[in-house]
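Novice: Under the numbering used here, think of the first position of the sequence shown as 2, with each following residue one higher.
Hints may contain errors.
[Unchecked claim] Derived CB-CB ranges, DEER-like:
| no. | residue 1 | residue 2 | range |
| --- | --- | --- | --- |
| 1 | T31 | P238 | 22 to 32 Å |
| 2 | G212 | K242 | 55 to 65 Å |
| 3 | S187 | H140 | 31 to 41 Å |
| 4 | H36 | T253 | 46 to 56 Å |
| 5 | C198 | K35 | 50 to 60 Å |
| 6 | F218 | K181 | 48 to 58 Å |
| 7 | T141 | A95 | 13 to 23 Å |
I should point out that these hints are in silico values taken from the structure, not numbers from a laboratory.
C-beta: ideal position from N, C-alpha, C; glycine also.
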Amino acid sequence: MFFKLFVFCFLYAFTLTLSSTAADDPSTCTPSGKHDCKCKFSDGTFIDLKPINPGADQRAGKKWRFDYVPDSKNTSEFAFNPCFTMKGLTGDEAPCNGSVVCQRQPKLSSDPHYNVGNQSTENFEVKDGIFYVTYEGSHTETAPRKAWIKLICDRNAAESKFAITDDTKDHDYYLTLTSKYCCATSEAGLSLGSILCILFVVILVVYLVGGILFNKFVRGATGVELIPNRGFWTELPALIKEGFQFTAAKITGLFNRNAQYDQI
Numbered sequence: 002m003f004f005k006l007f008v009f010c011f012l013y014a015f016t017l018t019l020s021s022t023a024a025d026d027p028s029t030c031t032p033s034g035k036h037d038c039k040c041k042f043s044d045g046t047f048i049d050l051k052p053i054n055p056g057a058d059q060r061a062g063k064k065w066r067f068d069y070v071p072d073s074k075n076t077s078e079f080a081f082n083p084c085f086t087m088k089g090l091t092g093d094e095a096p097c098n099g100s101v102v103c104q105r106q107p108k109l110s111s112d113p114h115y116n117v118g119n120q121s122t123e124n125f126e127v128k129d130g131i132f133y134v135t136y137e138g139s140h141t142e143t144a145p146r147k148a149w150i151k152l153i154c155d156r157n158a159a160e161s162k163f164a165i166t167d168d169t170k171d172h173d174y175y176l177t178l179t180s181k182y183c184c185a186t187s188e189a190g191l192s193l194g195s196i197l198c199i200l201f202v203v204i205l206v207v208y209l210v211g212g213i214l215f216n217k218f219v220r221g222a223t224g225v226e227l228i229p230n231r232g233f234w235t236e237l238p239a240l241i242k243e244g245f246q247f248t249a250a251k252i253t254g255l256f257n258r259n260a261q262y263d264q265i
């Protein structure tokens with residue numbers, strides 16, 4: 002009896018663990034709290050955008066990772082420096098010092114530049130089912146400017162790409178970032194699911210080898226009688242079948258009951 006209870010409990014925990022390590026909905030990707038371009042899913046996988054911006058330290062905040070990209074109407078251009086704030090901007094660009102996203106309007110004679118996003122305001126958000134990293138920048142008369150950067154996972158992308166959409170509303174600016182670094186990844190090492198798989202195999206091997214040796218040399222068994230707990234394994238298929246039949250009967254009964262209520 003104890004053996005049966007142990008097997009069922011282990012298999013139940015094993016199944017729950019495997020289901021919990023499935024890919025998470027992006028809404029569960031929790032920012033690290035350090036504004037370091039990282040968020041983490043409940044299964045331990047994470048997104049880290051820092052590798053998108055190699056050589057940021059050498060540029061010393063004076064050159065954008067993604068230089069100004071125009072929108073389709075050529076009325077605004079946006080530059081993006083993921084994870085690292087700009088520090089050495091001069092002239093018309095000076096208002097964007099301290100930002101990671103900058104907007105400029107080159108068609109205007111004054112060529113104004115606006116801070117659209119500070120690294121310190123970074124957040125990971127889901128809006129209308131789309132996964133974004135967001136930043137807030139300088140304030141207008143009514144609200145802060147806000148950059149919504151859609152993260153597009155492309156594991157085969159050799160280069161990361163930054164683009165503009167035409168969905169700007171008020172002072173919310175919608176941009177896109179396509180990269181393999183927008184995909185969820187895991188730390189080097191074994192996940193909980195992998196550890197449980199290894200543990201399960203080890204226990205199974207020890208159980209089979211130990212049980213066979215015990216039955217052979219202690220009980221003097223031969224042939225199929227060497228299989229440990231042979232009776233349990235013989236009954237297992239029937240028990241599984243009964244379990245499915247019981248569940249199906251419960252579900253069928255529930256639907257029939259609801260149908261009777263509908264008729265009343």
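Novice: Determine for every hint whether it applies to the structure shown.
Specialist: Here's how the hints hold up against the structure:
no.: 1; hint: T31 with P238: 22 to 32 Å; verdict: violated, 43 Å
no.: 2; hint: G212 with K242: 55 to 65 Å; verdict: violated, 25 Å
no.: 3; hint: S187 with H140: 31 to 41 Å; verdict: holds, 39 Å
no.: 4; hint: H36 with T253: 46 to 56 Å; verdict: holds, 54 Å
no.: 5; hint: C198 with K35: 50 to 60 Å; verdict: violated, 33 Å
no.: 6; hint: F218 with K181: 48 to 58 Å; verdict: holds, 56 Å
no.: 7; hint: T141 with A95: 13 to 23 Å; verdict: holds, 19 Å
Going through the hint list in order, the structure does not satisfy hints 1, 2 and 5.
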